[in-house]
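Its first residue numbered 41, the sequence shown is counted upward by one per residue in the working numbering.
Incorrect hints may have been included.
List time: in silico DSS-like cross-link candidates among lysine-lysine, alpha-carbon distance up to 25 Å [said to hold, decoys possible]:
| # | residue 1 | residue 2 |
| --- | --- | --- |
| 1 | Lys179 | Lys316 |
| 2 | Lys316 | Lys190 |
| 3 | Lys365 | Lys179 |
| 4 | Lys382 | Lys339 |
| 5 | Lys274 | Lys166 |
| 6 | Lys349 | Lys166 |
| 7 | Lys365 | Lys465 |
If you are wondering where the hints come from, they were derived from the structure by calculation, not from laboratory data.
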Amino acid sequence: RGAVGGGGGGDVAGLVRHVNSTDYIDNRMTRMLADVPSRMAVTEDHYRAARMVIENKFLIGMTSDMSETVRKRLALYFGWREMEGREGCEMEQIKRGTMNELSPGMLVEGSYEWRFVRKRNHYDMKLYARGMAVFGDQKMRVPVHSLVRKREKAIVDEAFGHLRNVKDQRDSSDIPFFWHIPKASGTTVKETLSDCYGLVRTEMIRPPSSLEVIEDKHVLNVDLTTPDAVAVAKRKRVADRGLADVFVSQLSLEGSTVFTTYHMGRAFTIMRHPVKLAASLFYYRRIATWEPTYRPEYKDITLQEYVSKDGYYDNWMVRMLTNSKLGGLNESHLELAKMILKEKFVIGISDHMDETFRHLELYYGWAERKEGCVNFHLHSAPSNKNKYPVPERGGPEWTIIADKNKYDMALYYYALELFGDQSEKMFRAEKAVD
Numbered sequence: 041r042g043a044v045g046g047g048g049g050g051d052v053a054g055l056v057r058h059v060n061s062t063d064y065i066d067n068r069m070t071r072m073l074a075d076v077p078s079r080m081a082v083t084e085d086h087y088r089a090a091r092m093v094i095e096n097k098f099l100i101g102m103t104s105d106m107s108e109t110v111r112k113r114l115a116l117y118f119g120w121r122e123m124e125g126r127e128g129c130e131m132e133q134i135k136r137g138t139m140n141e142l143s144p145g146m147l148v149e150g151s152y153e154w155r156f157v158r159k160r161n162h163y164d165m166k167l168y169a170r171g172m173a174v175f176g177d178q179k180m181r182v183p184v185h186s187l188v189r190k191r192e193k194a195i196v197d198e199a200f201g202h203l204r205n206v207k208d209q210r211d212s213s214d215i216p217f218f219w220h221i222p223k224a225s226g227t228t229v230k231e232t233l234s235d236c237y238g239l240v241r242t243e244m245i246r247p248p249s250s251l252e253v254i255e256d257k258h259v260l261n262v263d264l265t266t267p268d269a270v271a272v273a274k275r276k277r278v279a280d281r282g283l284a285d286v287f288v289s290q291l292s293l294e295g296s297t298v299f300t301t302y303h304m305g306r307a308f309t310i311m312r313h314p315v316k317l318a319a320s321l322f323y324y325r326r327i328a329t330w331e332p333t334y335r336p337e338y339k340d341i342t343l344q345e346y347v348s349k350d351g352y353y354d355n356w357m358v359r360m361l362t363n364s365k366l367g368g369l370n371e372s373h374l375e376l377a378k379m380i381l382k383e384k385f386v387i388g389i390s391d392h393m394d395e396t397f398r399h400l401e402l403y404y405g406w407a408e409r410k411e412g413c414v415n416f417h418l419h420s421a422p423s424n425k426n427k428y429p430v431p432e433r434g435g436p437e438w439t440i441i442a443d444k445n446k447y448d449m450a451l452y453y454y455a456l457e458l459f460g461d462q463s464e465k466m467f468r469a470e471k472a473v474d
């Protein structure tokens, strides 16, 4: 918590008198971490020692974001979870603690009193600022407890159990499932499915979510964009209603759970180089005012600054496949993601869309309603195109994005191998799976 915001109760004048008294001990956090006696002045060297301690020895929480601190950071790191029958206890305690916070009107940021207290705690203010940066950085790096990973792995196994294996024999009740990776030709794929093959796909284009089929768009107006929306679709048993020919979701794991034992999913995805994907998404979110992910503040920073920010969401594909939305990743996450891709997904590559659609036609038995329609969508009218500067291969931007997304990089190169392997072994004979 910020050095200025400490304390509770009393008036501002009393606080100032306390801080100005000879009994007041300044920079308490720095002193504790650097072992500085109360009568000794704190120095820059002490601050650096304290900073090194919090950077290397502590999981950082913030009173300003206790929900994130308790429910995500501490739970992930220590493997804690609420006791059975005490669901909601965490939020109850967090709300109670928030109510006991210092009154907003007691000490006004920027006031004389604020500046006075801040000056007396100069090194704690610096340490707090560094702690905020570490808090942001740890979001994607905090080690995940083995108990948490065990629970996450069980969820992964159950979710992808709703999908057929790629090489399983076809059943007429199977439903295609497209895992839509953002900025990887997904919009082009969706429009091609509907326009060229006449397939009804899932997508909420007229809120709220419903079971309405919008005939002229070949769309079932159901929302599969969030875990809560997927849960609603599951309760409605939408997969068993025969309303859609292809289910589409950016949630590979949650989206898979829509399918049932009566109508299993049969999945495919289109993958793109992680560096190009990150750059495309960054520049797209700058301009996409119609999207909920629109970020006008990105216009004021560079791609490199965006990727270097604390809390940058790295390795999106591996995280989605392994149910590791937060916390650190390791080789076991990558190996699990590889196994899921190999067993459950027909792989498409955004740089090889003609070959990708040849595979999809053979695998699912799709045929164009209008000759040349697929070629038109892929080459003459690709959807959602956004012109942007592509990072130079091997340059500073390329290097930092590739480093931050090292597990997605490895998964992408593995996907290229799978793409070639599937082309050779499954689609060379130019016939669909029996």
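Hints and how they fare:
Only pairs whose Cα atoms come within 25 Å are accepted, and Lys179 paired with Lys316 is accepted, the gap being roughly 24 Å. For the given pair, Lys316 sits about 33 Å from Lys190 by alpha-carbon distance, which is inconsistent with the 25 Å threshold. Distance restraint check for Lys365 and Lys179: the Cα-Cα separation of roughly 10 Å lies within the 25 Å cut-off, and the hinted pair is therefore satisfied. A distance of roughly 38 Å separates the Cα atoms of Lys382 and Lys339; the hinted pair therefore is violated under the 25 Å criterion.
A hinted pair counts as satisfied when its Cα atoms are at most 25 Å apart, and Lys274 with Lys166 does not qualify at roughly 49 Å. With a C-alpha separation of about 19 Å, the suggested pairing of Lys349 with Lys166 holds against the 25 Å cut-off. About 34 Å separates the Cα atoms of Lys365 and Lys465, which puts this hinted pair outside 25 Å; it is violated.
This entry does not satisfy hints 2, 4, 5, 7, going by the numbered hints stated previously.
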